[in-house]
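Engineer: Spelled out, the chains give:
2 protein chains.
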Amino acid sequence: MDCKIDGKLSLLLQKTSIDGHSISENSRNASSIPPTLSLSPKKCLKASPARPGQKSIGSNCKGTKLILKTPKGTRDYHPPEMTVRRKVFDKILDVFHMHGAVEIETPVFELKEVLTGKYGEDSKLIYDLEDQGGEILSLRYDLTVPFARYVAQNRIGNISRYHIARVYRRDNPAMTKGRYREFYQCDFDIAGSYDQMLPDAECVQVIHQVLSSLDLGDFVIKVNHRKLLDGVFGACGVPSDKFRPICSAVDKLDKSPWSEVRREMVDEKGLEADVADRIGEYVKLNGKQDMLDALKSDERLKNNEDAQAAIKELELLLHYTSLLECDASLLLDMSLARGLDYYTGVIYEAILKENQNGEDADSGPTSKKIKKKQEGEEEDEEGGAVGSVAGGGRYDNLVGMFDAKKRTVPCVGVSFGIERLFTIQERKIRQQGIKIRSSCTSVLVVGAGKGMLEPRLALCALLHKSGIRAETSRKMNPKFLGQLQHAEEHGIPVVVGVGESEVQEGVVNVRCTATRQETQVPRVQLVAHLQQLLPTLEKL
Amino acid sequence: MDCKIDGKLSLLLQKTSIDGHSISENSRNASSIPPTLSLSPKKCLKASPARPGQKSIGSNCKGTKLILKTPKGTRDYHPPEMTVRRKVFDKILDVFHMHGAVEIETPVFELKEVLTGKYGEDSKLIYDLEDQGGEILSLRYDLTVPFARYVAQNRIGNISRYHIARVYRRDNPAMTKGRYREFYQCDFDIAGSYDQMLPDAECVQVIHQVLSSLDLGDFVIKVNHRKLLDGVFGACGVPSDKFRPICSAVDKLDKSPWSEVRREMVDEKGLEADVADRIGEYVKLNGKQDMLDALKSDERLKNNEDAQAAIKELELLLHYTSLLECDASLLLDMSLARGLDYYTGVIYEAILKENQNGEDADSGPTSKKIKKKQEGEEEDEEGGAVGSVAGGGRYDNLVGMFDAKKRTVPCVGVSFGIERLFTIQERKIRQQGIKIRSSCTSVLVVGAGKGMLEPRLALCALLHKSGIRAETSRKMNPKFLGQLQHAEEHGIPVVVGVGESEVQEGVVNVRCTATRQETQVPRVQLVAHLQQLLPTLEKL
Numbered sequence: 001m002d003c004k005i006d007g008k009l010s011l012l013l014q015k016t017s018i019d020g021h022s023i024s025e026n027s028r029n030a031s032s033i034p035p036t037l038s039l040s041p042k043k044c045l046k047a048s049p050a051r052p053g054q055k056s057i058g059s060n061c062k063g064t065k066l067i068l069k070t071p072k073g074t075r076d077y078h079p080p081e082m083t084v085r086r087k088v089f090d091k092i093l094d095v096f097h098m099h100g101a102v103e104i105e106t107p108v109f110e111l112k113e114v115l116t117g118k119y120g121e122d123s124k125l126i127y128d129l130e131d132q133g134g135e136i137l138s139l140r141y142d143l144t145v146p147f148a149r150y151v152a153q154n155r156i157g158n159i160s161r162y163h164i165a166r167v168y169r170r171d172n173p174a175m176t177k178g179r180y181r182e183f184y185q186c187d188f189d190i191a192g193s194y195d196q197m198l199p200d201a202e203c204v205q206v207i208h209q210v211l212s213s214l215d216l217g218d219f220v221i222k223v224n225h226r227k228l229l230d231g232v233f234g235a236c237g238v239p240s241d242k243f244r245p246i247c248s249a250v251d252k253l254d255k256s257p258w259s260e261v262r263r264e265m266v267d268e269k270g271l272e273a274d275v276a277d278r279i280g281e282y283v284k285l286n287g288k289q290d291m292l293d294a295l296k297s298d299e300r301l302k303n304n305e306d307a308q309a310a311i312k313e314l315e316l317l318l319h320y321t322s323l324l325e326c327d328a329s330l331l332l333d334m335s336l337a338r339g340l341d342y343y344t345g346v347i348y349e350a351i352l353k354e355n356q357n358g359e360d361a362d363s364g365p366t367s368k369k370i371k372k373k374q375e376g377e378e379e380d381e382e383g384g385a386v387g388s389v390a391g392g393g394r395y396d397n398l399v400g401m402f403d404a405k406k407r408t409v410p411c412v413g414v415s416f417g418i419e420r421l422f423t424i425q426e427r428k429i430r431q432q433g434i435k436i437r438s439s440c441t442s443v444l445v446v447g448a449g450k451g452m453l454e455p456r457l458a459l460c461a462l463l464h465k466s467g468i469r470a471e472t473s474r475k476m477n478p479k480f481l482g483q484l485q486h487a488e489e490h491g492i493p494v495v496v497g498v499g500e501s502e503v504q505e506g507v508v509n510v511r512c513t514a515t516r517q518e519t520q521v522p523r524v525q526l527v528a529h530l531q532q533l534l535p536t537l538e539k540l
Numbered sequence: 001m002d003c004k005i006d007g008k009l010s011l012l013l014q015k016t017s018i019d020g021h022s023i024s025e026n027s028r029n030a031s032s033i034p035p036t037l038s039l040s041p042k043k044c045l046k047a048s049p050a051r052p053g054q055k056s057i058g059s060n061c062k063g064t065k066l067i068l069k070t071p072k073g074t075r076d077y078h079p080p081e082m083t084v085r086r087k088v089f090d091k092i093l094d095v096f097h098m099h100g101a102v103e104i105e106t107p108v109f110e111l112k113e114v115l116t117g118k119y120g121e122d123s124k125l126i127y128d129l130e131d132q133g134g135e136i137l138s139l140r141y142d143l144t145v146p147f148a149r150y151v152a153q154n155r156i157g158n159i160s161r162y163h164i165a166r167v168y169r170r171d172n173p174a175m176t177k178g179r180y181r182e183f184y185q186c187d188f189d190i191a192g193s194y195d196q197m198l199p200d201a202e203c204v205q206v207i208h209q210v211l212s213s214l215d216l217g218d219f220v221i222k223v224n225h226r227k228l229l230d231g232v233f234g235a236c237g238v239p240s241d242k243f244r245p246i247c248s249a250v251d252k253l254d255k256s257p258w259s260e261v262r263r264e265m266v267d268e269k270g271l272e273a274d275v276a277d278r279i280g281e282y283v284k285l286n287g288k289q290d291m292l293d294a295l296k297s298d299e300r301l302k303n304n305e306d307a308q309a310a311i312k313e314l315e316l317l318l319h320y321t322s323l324l325e326c327d328a329s330l331l332l333d334m335s336l337a338r339g340l341d342y343y344t345g346v347i348y349e350a351i352l353k354e355n356q357n358g359e360d361a362d363s364g365p366t367s368k369k370i371k372k373k374q375e376g377e378e379e380d381e382e383g384g385a386v387g388s389v390a391g392g393g394r395y396d397n398l399v400g401m402f403d404a405k406k407r408t409v410p411c412v413g414v415s416f417g418i419e420r421l422f423t424i425q426e427r428k429i430r431q432q433g434i435k436i437r438s439s440c441t442s443v444l445v446v447g448a449g450k451g452m453l454e455p456r457l458a459l460c461a462l463l464h465k466s467g468i469r470a471e472t473s474r475k476m477n478p479k480f481l482g483q484l485q486h487a488e489e490h491g492i493p494v495v496v497g498v499g500e501s502e503v504q505e506g507v508v509n510v511r512c513t514a515t516r517q518e519t520q521v522p523r524v525q526l527v528a529h530l531q532q533l534l535p536t537l538e539k540l
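The listed protein sequences correspond, in order, to chains A and B.
If you're matching positions, the first sequence starts at 1 in the UniProt record's numbering and goes up one per residue.
If you're matching positions, the second sequence starts at 1 in the UniProt record's numbering and goes up one per residue.
Pulled out of the complex, with its shape left as it was, chain A reads as follows (with noise of 0.2 angstroms):
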């Protein structure tokens, strides 16, 4: 059973059809609206007005009503957006295949301890479980951290895995931009000791290549240095007590402007001026190996170790890339810093250029600052802009942080945020008026006349031996024209029929859907005869 795919698919979709019937309007914008009712299981729920969309429930404490949907910054997923799910997964797989990733699985939950310490100001958006008795735990928040503790507890020397999996944040959800509290990442890491950059420049290169195969228009990978970033701290005079603060806040130049991200550094975190003011000459730096050329060159950083070996990490990056044919939406830019306190190297971000047939309003830093200044958090709910799509970098320390006796690997990698893949995909889908089957069946069995029900189950066992995806209607007496509608209107390319003198002659009908084109086979034929003909359908 297919869903047809308007102008309003996705998450703003109105009405579309699921197995021929209707979802209700907004069912699916019902988790975006904010909670009006405090639940407690102890104390009983307050009545409230249902909103248009909501659907009421009696509930089973006093007859009072809850608002039926799903938990705040959470959604369903219908039928068609598994499919197209389903197909961005595979292109990413592909990928992730084509590096020898293997894959791994870890808990939803994680002891709590094992989450502690490593998130920095982010801690406070981890999901706890309620105390039942036993065990403290944590819905993971990424799936970085539980993969250190992974390979720190089955003392693993090197692997390259792939996780795919959702990971849960009490952030302040935007759901039409695809942030959520439950979302998917797709992670695919290199632990162990290698050679310099080799696996870094990988990582840049999945990257590449998932980016392009999902054929999203225009990226730019933006590239930096920890250990840069804190040269150029201790150059421009930062205490090293101060370096992590420091560094979150010129995490925010993505969302800020610079006035504001100076203002926070020097009134919330105690910088002199002067001290802010130098940073504000190195943040605004980016480029290739020109970038880097000026950097190594600079008077204050001549002399910082710290500042010069990762020039020199970062033009060996260059070089890699550019034989992994990989480089050209690379771009060093100093302003970038990732917010986790965990990495230790190399980090990057991807962010998606183009506007989006109009919709991703996302028109450049500078544009985005103002229409933040302007409009605040309604930007979010409002906007089509989706911003970074994969992060990532090198994280050297946090195994060890999980080892007794400090036994570290060295990790690189990257994660790709999904569900703003998804809504880009499904947005793409909507403009494009593509009609997307979710369902793969084959044949539809249909009887002509009454009393052909078990003809029809008899050859559905028939084919279903042989592996043929075949479907027949669950009326006794279906009428005839509504079944072969069914298969037109849901895209099954062959219908076999019968009725009463194809029983008895031992035959059966063979119809194509597109073309409508009737053949009549004998049953003992019908098994080779779709064997051969599906294959010819079923090419896209």
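Keep in mind the hints are simulated off the structure, nothing from the lab.
In this text, all values refer to a predicted model and were calculated from it rather than measured experimentally.
Treat the hints loosely; a few may be bogus.
Since the list gives no way to pick out one identical chain from another, each pair is judged satisfied if it fits inside one copy or across any two copies.
Result set (BS3-like, lysine-lysine): computed pairs, CA atoms no more than 25 angstroms apart in a straight line [as the list claims (entries may be wrong)]: (1) K269 <-> K255; (2) K312 <-> K269; (3) K124 <-> K112; (4) K72 <-> K288; (5) K428 <-> K269; (6) K312 <-> K296; (7) K296 <-> K124; (8) K87 <-> K353; (9) K255 <-> K124.
With chain A fixed as given, assemble chain B onto it according to the hints.
Structural biologist: Quick look at chain B alone, frame taken from chain A:
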């Protein structure tokens, strides 16, 4: 990178290799060890000596130690296990697709109120999230209730959907039997108004097809009917308000002997002793049409409407499953009750009969009962029995519980207990000594002599562009023989080699790993050459 699977893979694995490195002993069993720490985010951890195979972690909390493990009742999946699992999923999906099913996905948690009042006595096993301000949430306990919520919320009239996802139960885990607190369910459900028993027979067919295709040996699909049970209860003199509690007692017959179930009915649930004895006569019945014939003419049931209606439905089910050629393993069994409250009609459960090469000690209900009595809880931890691998039934009122106007949608479905199927598959692989490839690299690009990094990277880029899965070492100058050995150990079918002279002449050496045969190919013809060669080598 693949993992050698010898006699010790799976849950009892002692030592295996991921990407050439070893996993420590017991690491996979760590999560079955009872927690020895009472962790709390507020109070500090108590120190505890690490057990063998567990790793200590330098805690963030005043230097005390935390045992490095996954939460109780959960596990990590390693690459060879993921490969097995993908194969099991693929076979199950093939069957679901035969029946025209579409896929949906719902959030991992629901508003707590959605789950309330659906699971009877098992509700105490639900995982609650901490109230961190906002909605009160619980992790899903199964996929059926979220599906009913989905159908009601989206006002869907009919759908055949599947959903593969993990569910959460704070149950007593028995890891060696494949019973976890976090485990996959694989659900197929048909919602909508159709003709009697057609969707029900299709669900039995799905069970039959899945278990046959997984090649697990003999199985039995036990079938019963809630209305038949209710009819028997009524006819034996059970007051109607005790139908559900008495049904819960009957449900325990798969684990406890009749004497114990009878005691529960009489002592705990206040049934008259002679009423219980009359029930005892019925619940030992099983068979096919013969059993139905006996019940039809049974004096007590003759005028019982519920029972007679159920008998008619079961006769129809036998007829349809015979037409669908999936009745060979079907057994009507009056002792089958199924615990959940929401069933309203046909119920079923599939049990593996075969002793899996002497490891699955499920040697029938009688001996199991005795074992249970003798060994108590320990049987779960020590025994290898797998038991029920699929179950389900008809639940016509569940969607209505979510609808303000009580509009309901009749549903019937089946859920596969995937972890148990994995456990069996892993045992089979271990017993057969099969080597599993966890990665799917086609080509290893190797260098002969020093300074070959650049040509190697360029060759990888070239092959990737044509969609050929090619890897190369992440070392500058890896040893030549070590690279060849890597290809042999990991089953990479083709090695492409370059040395200085090959670079100068514009050629490469193509070596077939299995035959060790080498051919020299001009670099410009490499892609075409491999596109012809690889399909012949990658057949199994």
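Engineer: Compare the structure with each hint and give your call.
Structural biologist: Tested hints:
{"no.": "1", "hint": "K269 <-> K255", "verdict": "within (19 angstroms within a copy, 64 angstroms between copies)"}
{"no.": "2", "hint": "K312 <-> K269", "verdict": "neither (31 angstroms within a copy, 78 angstroms between copies)"}
{"no.": "3", "hint": "K124 <-> K112", "verdict": "both (12 angstroms within a copy, 22 angstroms between copies)"}
{"no.": "4", "hint": "K72 <-> K288", "verdict": "neither (42 angstroms within a copy, 49 angstroms between copies)"}
{"no.": "5", "hint": "K428 <-> K269", "verdict": "neither (44 angstroms within a copy, 61 angstroms between copies)"}
{"no.": "6", "hint": "K312 <-> K296", "verdict": "within (9 angstroms within a copy, 87 angstroms between copies)"}
{"no.": "7", "hint": "K296 <-> K124", "verdict": "neither (39 angstroms within a copy, 64 angstroms between copies)"}
{"no.": "8", "hint": "K87 <-> K353", "verdict": "within (23 angstroms within a copy, 39 angstroms between copies)"}
{"no.": "9", "hint": "K255 <-> K124", "verdict": "within (20 angstroms within a copy, 45 angstroms between copies)"}
Checked against the numbered hints given earlier, the structure breaks hints 2, 4, 5 and 7 and satisfies all the rest.
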